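Once you've looked at the hints, dock chain B against the given chain A.
2 protein chains.
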Amino acid sequence: MKSFEPPRRILMGPGPSDVSPRVLAALARPTIGHLDPAFQGLMEEIKAALARLMNAPSHACLPLPAPGTAGMEAALMNLLEPGDRAVIAVNGQFGERMVDIAGRAGAQVIRVDNAWGEAVDPDKVEVALKGAGAKVLAFVHAETSTGALSDAGALCALAREHGALSVVDCVTSLGGVPVDIDGWGADVVYSGTQKCLSAPPGLSPFAMGLRAREAVSARREKVRNWLLDMNLIMAYWSGEGGRTYHHTAPINALYGLHEALVVLEEEGVAVAHARHRRMHEALAAGLEAAGLRFLASPQHRLPQLNAVLIPDGIDEAAVRARLLGAYSLEIGAGLGPLKGRIWRIGLMGSSATPWHVRLCLTALTDALAAQNYPDLARAALAAAEKRLSD
Amino acid sequence: MKSFEPPRRILMGPGPSDVSPRVLAALARPTIGHLDPAFQGLMEEIKAALARLMNAPSHACLPLPAPGTAGMEAALMNLLEPGDRAVIAVNGQFGERMVDIAGRAGAQVIRVDNAWGEAVDPDKVEVALKGAGAKVLAFVHAETSTGALSDAGALCALAREHGALSVVDCVTSLGGVPVDIDGWGADVVYSGTQKCLSAPPGLSPFAMGLRAREAVSARREKVRNWLLDMNLIMAYWSGEGGRTYHHTAPINALYGLHEALVVLEEEGVAVAHARHRRMHEALAAGLEAAGLRFLASPQHRLPQLNAVLIPDGIDEAAVRARLLGAYSLEIGAGLGPLKGRIWRIGLMGSSATPWHVRLCLTALTDALAAQNYPDLARAALAAAEKRLSD
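Residue numbers (this note's numbering), protein chains in the order written: chain A, 25 to 414; chain B, 25 to 414.
If you are wondering where the hints come from, they were derived from the structure by calculation, not from laboratory data. Mixed in with the good hints there might be a few duds.
Taking CB as the label site, the calculated pair distances span [stated by the list, open to error]:
(1) 137/B with 268/A: 21 to 27 Å
(2) 69/A with 46/B: 53 to 59 Å
(3) 268/B with 413/A: 29 to 35 Å
Straight-line C-alpha distance at most 20 Å; calculated SDA-like pairs for lysine to any residue [unchecked claim]:
(4) 26/B with 54/A
(5) 26/B with 287/A
(6) 363/B with 256/A
(7) 26/A with 105/B
(8) 363/B with 269/A
(9) 246/A with 105/B
(10) 26/B with 69/A
(11) 71/A with 290/B
(12) 363/A with 291/B
(13) 26/A with 383/B
(14) 71/A with 28/B
(15) 26/A with 291/B
(16) 26/A with 363/B
(17) 26/A with 27/B
(18) 246/B with 120/A
(19) 246/A with 117/B
Fair warning: this is a prediction, and the values are worked out from it, not measured in the lab. Note that beta-carbon positions come from the ideal geometry of N, C-alpha and C, so glycine has one too.
Bound-form chain A, shown alone (with noise of 0.2 Å):
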């Protein structure tokens, strides 16, 4: 066995997005223990930068040391046991996910479909609210799998109507599109490192709020998790009356998810936001003037990640290969019934540029057009430099 050198890879598929140097040289920084006061004191910016990053002055933010999963788990397993009631909107693979997580804690699930694509119908959801005593509504507020935008603010209010607790799935919005708990009323919301923020995956930011905590603080029977049983994990990370040791942090992932929160801050989250948008745009541009077309209908369309419909007679695995081999650029299959329907185009943190733009259309009109599509490469670059100096 040798080491490893990885190839040079430039990641717009749907997350982990190309990681800065920057962030992969904090990676680097020498372990310290995680009781280390000088850790204590990096504990205490990240959880301030977070609850700044999604505007949650009054929430608990804190990096879960798991991948963006362990954040839904996390908040289903913690607010929900045995006889409980969770309403959960599903409209793409991550909330099919929550549905199964709500089923291993023992709750009762009262599903929303809405279709693969669409935003969540807060019509739909209110209907399944009413009268229905659910403790819970969860629901995704940037489906990974569709490239749909739902209304975070609208649906958090329907569950403070109905007497229930909101869990929001940030993963793929936070740092790319505003993620603002206090505005909304979230109590629980979770994101991972691996997409707008453009750190490596494996860690979840985490925000619970007051009504959250005191459900959890109320609960019957045990937590059906230890590592994310956020009694445990509060007592940890709270910094009040000395830290109580519950595990080991993944302290050098932290050491990236800081660095990543201080470039986000440099940058201005605003600024950073437009610059999603703005490439959003450069992007679909191009790909719209090559004749492709989106998934996502463009009022719910999230600019960091594009669900794009292949065409007819492609081999989309194909075209997959030929950037990968060709351009060394990876982007992502569609999941579940979306599987061999679409490709997923991420733009997302340090993969929101100009280049990657550019870069994108080439290779992918290049690839199209080895398979006898139209060669459209200068009508879609031409489009994209439109967007790209307006």
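Only chain B this time, still in chain A's reference frame:
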């Protein structure tokens, strides 16, 4: 918020241990996608290296995407469901944690208590297993909270004799003393990366044999944990019939683990074990020359985790503060009933060198002398040097 620059520390606590520059450099290699063909090659190499390291030719070996406790949680949550019985040996903090987690899985727990600092007594375990109809026997091979090593071979044999599956916590043992899954006949074994492998914390090497996999397949209800559900994880890591997407693997952390495994293979696992033993003997000779005594008896003492009794009249927190302040040296405090009674001095992986032994003895005797303890630095170092030169 500014970039975080950690202080330079020497890590001789119960983990994390010092991470070598080679492993730190590996962490900083460019991130690639978790479905990239090159990443899948990395996964296969890690699986094979873990199987060699643990002597587990027919077990499924893979790294779970969360700290060491994830291994404990995965083992118990996958094997146990409501109605099952588990015999759990408790001789320290991590046996206690197993009891907690097995309860969360819904199992009925039969505790076998041993004093903290002692090895697990096979006779007591046999009494508990007899006629209990236990599905699982779980115990800690190397108790990080006490420095005691138990006889994994004898305990796994008892499990098999009584029809139970064995779960062995090797978080602190792997890489420091032999872990011999095939020789022991162990069913499930897990470890951590931040101990004798000297990679950063955040991953849990995990091995599961055929009997255990069959037990998971035969469950009546779903595992109470989605992220660690081995049915799902195995489909992701198996490499058979194309990988099924599960979670997004912590790419850069896996670069670090891979490099740590390369480093260990270059040294040779048996050579590394001998090095841990030799460094322990030198440190122990020095500590004893300074009048210090161990918690665990010599025949059950872990070389890599030295639990040292605090002399009467010594302010132990002041000693640790001086080590950290004057020598940048971290050692560990006691946990639970041993809080204030012991220090835990790690000689793990990259922290098991003559340099570390000398620094620790110098710093510790200095800190003790500052509290009117006799200045025995010269005697301690001389005793250690004698063993180092043997």
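Tell me, which hint numbers fail for this structure? Violated: hints 2, 3, 7, 11, 12, 13, 16, 17.
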